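Chains as they are written, first to last, in the working numbering: chain B, 1 to 208; chain E, 1001 to 1400.
Worth double-checking, as some hints may not be accurate.
Said to hold, decoys possible - Coverage of chain E stretches by chain B, computed from C-beta distances (three or more under 8 Å per stretch; other residues unrestricted):
1) 1297-1306
2) 1332-1338
Unchecked claim - Selected chain E positions facing chain B (Cβ under 8 Å, derived; list incomplete):
3) N1002
4) N1010
5) R1013
6) A1310
7) L1396
To be clear, the hints were calculated from the coordinates, so they are not data collected in a lab. Since the model is a prediction, treat every value here as computed from it, not as a measurement. A virtual CB, placed ideally from N, CA and C, is assigned to each residue, including glycine.
Now for the letters of each chain:
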Amino acid sequence: MIEIHSLSQKYTSGPTLNFPDWKINDEEQWLLLGASGSGKSTLLNIISGLLKPSSGVVKLNKTDIYSFSLKKMDQFRGQNIGIVFQKPHLIKSLNILDNVALASSLAGIEVNHSRVMDLLDSLGLADKAKNYPEELSQGQLQRVSIARALVNNPILLIADEPTSSLDDVNAEKVMKILTDQASKNKASLVIATHDNRIRDKVSKAYLL
Amino acid sequence: MNILKLGTKNLLRNKLTTFLNVVLVAFGIAILSILFLASTQIGNKLEQNAKDIDLVVGAKGSPLQLILSSIYHIDFPTGNIPLKDATELMQNPMVKRAVPLALGDNFQGHRIVGTDSGFVGLYGLKLADGKFWKQDLEATLGSAVANDAKLKVGDQFFGAHGLSDDSDEHKHHAYTVTGILKPQGNVTDHLILTNIGSVYKMHEPEHNEAHHNDEQEIDNKEITTILIQYRSPMSVVIFPRMVNQSTNMQAASPAMESARLFSLIGVGIETLKWFAFLIMAISALSVFISLYNSMKEKKYDLAIMRCLGASKLKLFTLVMLEGLMITVSGAILGLLIGHLALHLIGVYQESSQARLTGIFFVNEELYLVMAGLLIGIVASIIPALQTYRVDIARTLSKDK
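Chain E extracted, bound-state conformation (with noise of 0.2 Å):
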């Protein structure tokens, strides 16, 4: 019989109350820790997707559209830009690297996207089967869409107008998967990667009309995006102003989008953050209330124990470990609320380019655990240091 099978049986006799107790330290702590663990997973998913991206440049519209639609893959396109124009822009001296790309289709709410072996280069692709996309209508897939489709080599498919939805099927052509990537861990898992001509391909009049207007198509052949890589820091500056003031495109940055993104998204962060805090005081005062109400009950307890040769340390010990074992089982299931429920919205989120998980862990979480043990001290130090008060003659004899 040590007093930590002593504490657990008496936290056992309450149970209600201990179960309140858990139940508030775990609600506290699992909005702490998807905050943490979605911030960092959000923040790190926004890192690795637009890591060596410098610029982007679409139609007009709004930046944060052009970021989110061009390299996270969750937005509608601003818009199309005259690949002329797009083609000028991509020769300039400053651009190390441009890489055009063409939106529009999907595949089972796969984005298609019409790009050149640029694309490869940009995000240091690798394939895990098969070979990269040549041909008009051959497609290489992310691994996870070849996952969820159930795709593999040599397998064809319709791509679908739009970006989400699969109701509108080009039936007219189909592509042939020439190979699969390997899992990158970023937005190209989820993508299907074809060249340019096999997007304008199947958006070209259908063959029974006309043919001729064949040439002038080809003079107004648009893409949607250039993800642009500079050739060095210096054009930062004076790029992206060229391209707003002089071109009848605009220029956004993904890292100065993305921190606008964040600080749009903090506000709210921060309002749960406190709301977490909030609770995690509530639950403070609750165990301390639930502790120092059954001191009045205890007082007989305390002065018996003590009567039959328990140290006033050691009471002191058993009080404060009732009051830790609460706040730190209520922090490990708080912990495993907080992973459990990341998953669950994993599972059912519909943007799969940004998926959560709830299979990660941060450091942050350690610090939680260790909020619990504040908790716990903080709420039980003032009932504990009660049991060096109790006079157990008096305690013992009183009571007639």
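One chain only, chain B, in its complex shape (with noise of 0.2 Å):
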């Protein structure tokens, strides 16, 4: 359960962001919507870590997630967050199989080899696996990024933007594949997008 409390971000040049509170319980599927600009990212990178509010508090099934020193956060976010980026972002001089194994080797996990190809196997990427990311399309590289996220069997998985840079066809099977593997992954799922495509997919929505 993830809950956001009276937050705000202050920008030294710009305006100051107040984000409504929100709580996603365990299991919950989630938009969140809003024209760009209105501060999505921010209010992602917040929830997932990487950015420490200005004030109020970010509850990670109860933990005050800000409460941890920095090291702490790194791998508790690692551990409990699963991020998709717009763009795939994938270590280019690894095979998509140690791509994936690198998320749970970081967050100091021990890999589970059988539970990686296992995910790529369920994106229809295992034959993929040991090919390098240069190798794959677009499409086949932000399913490697979803694996990644999903890897240690994580809280929550944030996505952000997944479908922008996407065709219509491609951009629901995103969107299929993120719900999907969120529930079979038992984990809380927010996509942040201004998609009107994908607005129908997912009932919740948290409006910015």
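Each of the two chains sits in its own frame; use the hints to bring them together as a complex.
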């Protein structure tokens, strides 16, 4: 369960963003909607522990995540929050299998090979495990990054504009994968988007 | 998947850059290691060969040449001295031990040295087989000579006139091998020892020529040099001056001439050393530039790794490790190249007396590995510190 309470972020050159309180229960799926510049990315970064807010608290299963030290925070994020970025951002020097496995070892969790292969298999990437990122298509890379976000069985899966650079067919596919995988892995899901094509795919929405 | 593996994979991704950097480091280290190894070996050889010899007396000429020819057996002798004068000097009370040498012949490039039993005592020679030379035309071989020429006790061989080639053989008299020395680790391994009489015999007029001036021959007998050991250190000052001023011969001190020789080579060694330092500085710069440039591309990688739970320290270590892997492997490769190169030089070296070997290690090599580490640290510290400044949230969300 994730809760945000009286959050605000003040930028030195610009407006102060205030975020309405929000409570995400276990395994709930949410859309985070808002126009460009409304602070979607900022809120995602705050929730995922990448950006300390000016004020307010973020609680993940009752723990205030900003009470951690930086190092503890990094580890906590690695173990409990999976993030899918707009761009896949894979490590070019590692093959697909290692890219996914890296998420486990960096989070300080022992690499579970069958878990990695199961994930890749369920995303239709099992035969690409030994390939390098540059040999895959953009859509495939996006799926690898989803696998990487899920490998540690996170409490929360966050996706930041996952469909904005995809065509209709692929956008739909990715949405299906995200919602299916999130429920299959018992993770809460938050998708930040301004993409109207996917509005009706998820019932709950948080508006900025 | 640990950071060591990750670092290796990152380096292998830019094979050419990594290769260039490793080669640069290796080159600098190789030059330095060759210098260290060669100068230590030469120094050791010079020292060992001249260990118990205080003074060399020979014909007037270059003192360095006199030392080189009669102790290291490298250069040509300065000439001959009359046996009569030499004997007089050998009986001087300041002299503890004097060993006469008659040079001038060789066998397959190994010098034949006419001398007396004092030589055995001077160098502390020990036999591996047979016995020491006694009669004319008996010879005792240094271990390396016996190996090279495949001679054993009882074999016969012909000496040749001159010091380096066997075009002009003394076909009339054959030497008989009576003994083979144990390896001594000094110049005697490469010498053929016989008595002075044998050397005279080689050079005396042939038998079908007139016999009438035999008597005169003996009076005019000459030797090449005398190796002298003093009775007391006091003689260091007086004895050489006495020889140089009151006789027609010259005295040269091995210690002084070796030092002079080293100071002559020293300029070259010093230049090479600075050249190697320069190469190593360039390699440090090159490693730095490659790491620094790759940081731009790596910014996303680092941000994503932070996102996945890697601490700042871990990423700092990753970048440091990449730099260190390049320079340390470069240093080790450089040492290998250094040893290999020196061994090859040794194999193709003409003068067998001062042969260098690659199978020889000095403590300085540890410093070279440490130098590799240091270059790595210097080159990667700034790029590694940059990892602390990566703003993950901004880096990852800006890239739209």
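Okay, which hints does this one fail, numbers in order?
The structure conflicts with hint 2 only, although it agrees with all the remaining ones.
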